[in-house]
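Chain by chain, the residues run as shown.
2 protein chains.
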Amino acid sequence: MANKRTTSADSAWAQAGIDLHLDLRGSGLRAGLGEALREAVRSGRLAPGTRLPSSRTLAEDLGIARSTVTECYSALVEEGWLVARHGSGTHVAHRAEAARAPERSAAPPRRSPHELEPGAADYAEFPRAVWLSAARRALTAAPHSAFGYGDPLGRMELRTALADYLSRVRGVYADPARIVITSGFHHGLGILARALRGQGVGTIAVEAYGLDIYRDVLSDDGMSIPALEIDEGGAQVDALSALEPGSAALLTPAHQFPLGFALSAERRHALLDWARRTGGVVLEDDYDGEFRYDRRPVGALQGLDPDHVVYFGTASKSVAPALRLAWVVVPEHLLPAVERAKGRVDTVSVLDQLIFTDFVTSGAFDRHVRGRRHSYRARREQLVSALDAQAPEVRVVGMPAGLQAVLQLPEGTEASILEAAARRGLVVSGLSEFRHPDAAGSPWGSGLVANFSSVSDSAWPAALQSLVAAVS
Amino acid sequence: MANKRTTSADSAWAQAGIDLHLDLRGSGLRAGLGEALREAVRSGRLAPGTRLPSSRTLAEDLGIARSTVTECYSALVEEGWLVARHGSGTHVAHRAEAARAPERSAAPPRRSPHELEPGAADYAEFPRAVWLSAARRALTAAPHSAFGYGDPLGRMELRTALADYLSRVRGVYADPARIVITSGFHHGLGILARALRGQGVGTIAVEAYGLDIYRDVLSDDGMSIPALEIDEGGAQVDALSALEPGSAALLTPAHQFPLGFALSAERRHALLDWARRTGGVVLEDDYDGEFRYDRRPVGALQGLDPDHVVYFGTASKSVAPALRLAWVVVPEHLLPAVERAKGRVDTVSVLDQLIFTDFVTSGAFDRHVRGRRHSYRARREQLVSALDAQAPEVRVVGMPAGLQAVLQLPEGTEASILEAAARRGLVVSGLSEFRHPDAAGSPWGSGLVANFSSVSDSAWPAALQSLVAAVS
Numbered sequence: 006m007a008n009k010r011t012t013s014a015d016s017a018w019a020q021a022g023i024d025l026h027l028d029l030r031g032s033g034l035r036a037g038l039g040e041a042l043r044e045a046v047r048s049g050r051l052a053p054g055t056r057l058p059s060s061r062t063l064a065e066d067l068g069i070a071r072s073t074v075t076e077c078y079s080a081l082v083e084e085g086w087l088v089a090r091h092g093s094g095t096h097v098a099h100r101a102e103a104a105r106a107p108e109r110s111a112a113p114p115r116r117s118p119h120e121l122e123p124g125a126a127d128y129a130e131f132p133r134a135v136w137l138s139a140a141r142r143a144l145t146a147a148p149h150s151a152f153g154y155g156d157p158l159g160r161m162e163l164r165t166a167l168a169d170y171l172s173r174v175r176g177v178y179a180d181p182a183r184i185v186i187t188s189g190f191h192h193g194l195g196i197l198a199r200a201l202r203g204q205g206v207g208t209i210a211v212e213a214y215g216l217d218i219y220r221d222v223l224s225d226d227g228m229s230i231p232a233l234e235i236d237e238g239g240a241q242v243d244a245l246s247a248l249e250p251g252s253a254a255l256l257t258p259a260h261q262f263p264l265g266f267a268l269s270a271e272r273r274h275a276l277l278d279w280a281r282r283t284g285g286v287v288l289e290d291d292y293d294g295e296f297r298y299d300r301r302p303v304g305a306l307q308g309l310d311p312d313h314v315v316y317f318g319t320a321s322k323s324v325a326p327a328l329r330l331a332w333v334v335v336p337e338h339l340l341p342a343v344e345r346a347k348g349r350v351d352t353v354s355v356l357d358q359l360i361f362t363d364f365v366t367s368g369a370f371d372r373h374v375r376g377r378r379h380s381y382r383a384r385r386e387q388l389v390s391a392l393d394a395q396a397p398e399v400r401v402v403g404m405p406a407g408l409q410a411v412l413q414l415p416e417g418t419e420a421s422i423l424e425a426a427a428r429r430g431l432v433v434s435g436l437s438e439f440r441h442p443d444a445a446g447s448p449w450g451s452g453l454v455a456n457f458s459s460v461s462d463s464a465w466p467a468a469l470q471s472l473v474a475a476v477s
Numbered sequence: 006m007a008n009k010r011t012t013s014a015d016s017a018w019a020q021a022g023i024d025l026h027l028d029l030r031g032s033g034l035r036a037g038l039g040e041a042l043r044e045a046v047r048s049g050r051l052a053p054g055t056r057l058p059s060s061r062t063l064a065e066d067l068g069i070a071r072s073t074v075t076e077c078y079s080a081l082v083e084e085g086w087l088v089a090r091h092g093s094g095t096h097v098a099h100r101a102e103a104a105r106a107p108e109r110s111a112a113p114p115r116r117s118p119h120e121l122e123p124g125a126a127d128y129a130e131f132p133r134a135v136w137l138s139a140a141r142r143a144l145t146a147a148p149h150s151a152f153g154y155g156d157p158l159g160r161m162e163l164r165t166a167l168a169d170y171l172s173r174v175r176g177v178y179a180d181p182a183r184i185v186i187t188s189g190f191h192h193g194l195g196i197l198a199r200a201l202r203g204q205g206v207g208t209i210a211v212e213a214y215g216l217d218i219y220r221d222v223l224s225d226d227g228m229s230i231p232a233l234e235i236d237e238g239g240a241q242v243d244a245l246s247a248l249e250p251g252s253a254a255l256l257t258p259a260h261q262f263p264l265g266f267a268l269s270a271e272r273r274h275a276l277l278d279w280a281r282r283t284g285g286v287v288l289e290d291d292y293d294g295e296f297r298y299d300r301r302p303v304g305a306l307q308g309l310d311p312d313h314v315v316y317f318g319t320a321s322k323s324v325a326p327a328l329r330l331a332w333v334v335v336p337e338h339l340l341p342a343v344e345r346a347k348g349r350v351d352t353v354s355v356l357d358q359l360i361f362t363d364f365v366t367s368g369a370f371d372r373h374v375r376g377r378r379h380s381y382r383a384r385r386e387q388l389v390s391a392l393d394a395q396a397p398e399v400r401v402v403g404m405p406a407g408l409q410a411v412l413q414l415p416e417g418t419e420a421s422i423l424e425a426a427a428r429r430g431l432v433v434s435g436l437s438e439f440r441h442p443d444a445a446g447s448p449w450g451s452g453l454v455a456n457f458s459s460v461s462d463s464a465w466p467a468a469l470q471s472l473v474a475a476v477s
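In order, the protein sequences belong to chains A and B. All the letters of the first sequence, read from the start, carry residue numbers 6 to 477 under our numbering. All the letters of the second sequence, read from the start, carry residue numbers 6 to 477 under our numbering.
Incorrect hints may have been included.
[Unchecked claim] Not the full set, but computed from the structure, chain A residues with beta-carbon under 10 Å of chain B:
1) R35
2) H99
3) G308
[Claimed, not checked] What the simulated footprint calls covered on chain B by chain A, stretch by stretch (three residues with Cβ under 8 Å from a Cβ of chain A suffice, anywhere in the stretch; the number is not a length):
4) 186 to 193
5) 298 to 308
[What the hints assert, rightly or not] Anything over 10 Å on all C-beta distances counts as not near chain A; from chain B, calculated:
6) A52
7) S59
8) G68
9) R71
10) V82
11) H96
12) V222
13) P250
14) V365
15) A425
16) R429
17) V432
18) G435
None of these hints come from the bench; they were simulated from the model. Beta carbons: idealized from backbone N, C-alpha and C, even for Gly.
Could you build the full structure based on these sequences and the hints that come with them?
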């Protein structure tokens with residue numbers, strides 16, 4: 006434990022006008038003395054140029070061995086805190102003004118733009134015990150080499166497990182060699198944007214409604230991001246024909262975010278026709294493809310044309326954002342550019358990749374998704390029923406699917422209803438927050454985006470009640 | 006389980022000249038039929054335009070309910086695989102040429118430029134059991150909210166734990182609010198490069214020896230990266246005066262990588278004087294600061310001047326690269342630029358951050374580092390003794406510290422000795438691989454960089470023997 010004692014220094018210190026209180030702490034006398042001297046210099050109690058007492062004097066004062074003091078002085082000389090001048094002893098080095106004492110500020114909690122939840126965020130359903138079991142198996146079975154730097158594209162066993170899963174569940178045509186593991190969709194989108202820019206792509210069309218952070222990751226990189234209007238058939242992809250050849254388009258075909266429509270069969274064809282005709286690239290954001298409540302979900306667009314569609318999936322919606330795990334299935338012709346854009350050093354926790362592999366291959370992932378689907382489906386149905394009964398003028402837009410619902414409100418009421426929600430302690434977002442800046446004339450007016458998946462089962466009834474009350 | 010059976014289709018198929026074998030698999034008949042049809046289209050066995058049998062015919066053929074077939078057809082129409090033409094039945098959609106069957110290529114293992122190890126990479130000392138205990142505690146104790154999107158700068162409890170650790174062990178002057186968690190040094194360096202470029206910095210001097218991936222992360226971003234020559238006092242920082250004001254310098258002051266010298270006290274002062282005089286920024290890469298074998302390590306430069314020094318630390322050397330965990334202590338005036346450069350979405354596994362926090366605060370990190378230090382110290386001493394005895398013309402350069410040693414070889418022998426090492430199955434690197442392209446005239450000629458930390462205790466004696474034999 007720390008040697009904690011306070012001492013006054015002797016005449017040498019007094020000569021410098023200093024009554025130095027050395028607060029010896031840390032493990033070991035030598036370390037404690039060093040820390041005390043550094044702190045005294047830092048705080049300005051020992052001014053630059055001050056001559057320190059001789060090692061003999063200080064040792065006697067403190068009742069410690071002289072060698073302890075000389076070792077400490079020479080270490081601080083080496084670090085740059087002190088200077089030893091031949092014949093004139095040891096002095097405090099001329100440093101910049103004393104640094105401010107660090108304020109142990111608790112940084113204010115940041116609200117992520119993803120947290121669209123009514124009430125406090127609550128990820129109560131994270132499968133802690135199952136995850137820990139997977140961790141035990143994965144960490145026990147991993148070869149030693151797994152603890153080194155990983156493959157920049159991701160662990161091959163995870164990419165193989167995902168190829169099987171995506172083919173089975175989403176109809177994705179996936180070769181493990183073309184799957185890239187990323188730390189979230191945002192990370193993967195940034196990599197693709199760099200890769201496409203490197204191929205000369207200057208335009209990526211986006212949907213008129215979506216998250217600004219994704220638009221930003223494209224436009225920050227210098228891309229032009231024209232908006233595609235949304236109607237009940239999904240994005241109006243015919244507008245793509247006006248773009249220069251070799252452009253790209255970022256879409257949420259299975260379940261438009263946040264409005265909740267599926268891209269119609271005609272538009273799926275038109276979109277792929279555009280891509281083939283013009284050398285275009287479709288970026289398919291399949292963020293919640295596992296969550297359809299009325300029927301088997303529409304398969305991924307990528308399966309229809311793996312050479313023109315980049316598929317993006319994520320564990321953020323199906324398990325938890327804390328994992329920072331997502332995946333991209335890349336067309337073969339884009340793989341070299343994506344590899345260059347991702348760089349030579351992987352950025353995704355290898356341990357999490359190993360554990361998630363076990364989670365997928367053991368069937369725990371399927372079971373978890375099934376359980377969540379069951380729960381979210383019930384919540385969405387309760388939301389629709391409650392609105393039907395108590396706020397019939399509020400329409401729930403989109404398909405029975407996903408993790409959030411858009412409540413379409415009477416025109417011009419969004420701001421006042423958001424205020425009413427806030428008074429009830431609800432954190433929901435206004436639909437207009439998701440609107441592309443160029444889509445001001447969009448026909449989707451006032452609305453709330455309510456994430457019915459982000460509170461615990463126990464908190465849900467109260468959150469639902471507040472939400473319905475706020476819009477009634 | 007899968008319904009696995011093969012059937013020949015009826016006259017409708019025969020008309021189209023196809024004898025279709027549907028391989029029904031997947032869970033459930035409906036899913037199995039869908040997958041079989043998709044695969045038949047994909048592989049080209051069902052050509053575009055082919056008319057499918059009526060749902061009644063196919064249902065009879067397969068001995069399944071007609072509704073199963075109609076549901077399946079309409080799902081595939083919605084996905085875009087089939088088209089339904091009013092009055093003329095269901096046809097295969099006109100797709101691009103059939104995609105190639107995915108080759109389940111096992112991607113060749115990539116050698117990371119970090120793996121400088123003699124023999125196969127072996128991270129046998131990763132503390133699996135201790136890590137799993139920490140995981141159990143951390144995941145049990147974490148609030149539900151921890152499973153959401155994290156603070157983009159990192160979990161505050163980890164930043165607080167690191168502030169204490171870095172202050173105690175490395176003399177770093179750390180406020181948790183100014184610590185940023187990254188997924189490795191490479192990630193953090195890229196963020197700082199972008200932040201500095203945003204501040205108008207166009208030049209970051211680097212050491213004449215170092216890893217090319219770090220030079221690349223700077224120069225890819227358009228930075229000029231002049232080289233600072235290295236001698237036994239570390240980097241020759243006087244050359245910084247020739248740079249334009251407001252430049253930066255990336256250094257490994259505690260233990261130059263890979264040559265192994267400490268930056269001398271005079272140069273520490275000269276470096277900080279340069280930074281203060283010219284508004285320069287020092288990037289201190291403290292990659293192996295915990296590993297000094299002859300004495301207490303020289304404290305971090307950052308402690309002397311937290312306003313001009315950005316401190317970088319990592320768990321890659323002290324625990325394992327697989328964690329993808331590192332940290333940057335940022336001067337207050339740079340924090341807004343770094344926050345902008347890091348973006349609004351965190352990229353580091355929150356689970357690993359929670360577990361590592363427990364690992365640090367429980368004392369397991371200190372114990373692990375102490376154990377590793379003990380082992381690496383012994384290995385380095387064995388290496389020096391063995392060379393003294395068997396290859397006296399080979400000098401081990403640098404201080405007794407760190408995870409690798411540079412063996413200085415007789416001039417002009419590097420290539421032939423690397424070949425000799427490769428014949429013995431040793432993966433070591435030549436010193437010239439680390440040389441900055443502009444430092445061709447550097448006085449450090451032939452050498453090997455041998456990472457004595459990257460084999461297991463049991464593999465070490467044989468690796469040592471091969472290494473010494475290769476240079477003898």
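Verification of the hints:
{"no.": "1", "hint": "R35", "verdict": "7 Å, holds"}
{"no.": "2", "hint": "H99", "verdict": "8 Å, holds"}
{"no.": "3", "hint": "G308", "verdict": "6 Å, holds"}
{"no.": "4", "hint": "186 to 193", "verdict": "holds (count 4)"}
{"no.": "5", "hint": "298 to 308", "verdict": "holds (count 6)"}
{"no.": "6", "hint": "A52", "verdict": "15 Å, holds"}
{"no.": "7", "hint": "S59", "verdict": "20 Å, holds"}
{"no.": "8", "hint": "G68", "verdict": "21 Å, holds"}
{"no.": "9", "hint": "R71", "verdict": "18 Å, holds"}
{"no.": "10", "hint": "V82", "verdict": "6 Å, violated"}
{"no.": "11", "hint": "H96", "verdict": "13 Å, holds"}
{"no.": "12", "hint": "V222", "verdict": "8 Å, violated"}
{"no.": "13", "hint": "P250", "verdict": "17 Å, holds"}
{"no.": "14", "hint": "V365", "verdict": "16 Å, holds"}
{"no.": "15", "hint": "A425", "verdict": "25 Å, holds"}
{"no.": "16", "hint": "R429", "verdict": "20 Å, holds"}
{"no.": "17", "hint": "V432", "verdict": "12 Å, holds"}
{"no.": "18", "hint": "G435", "verdict": "19 Å, holds"}
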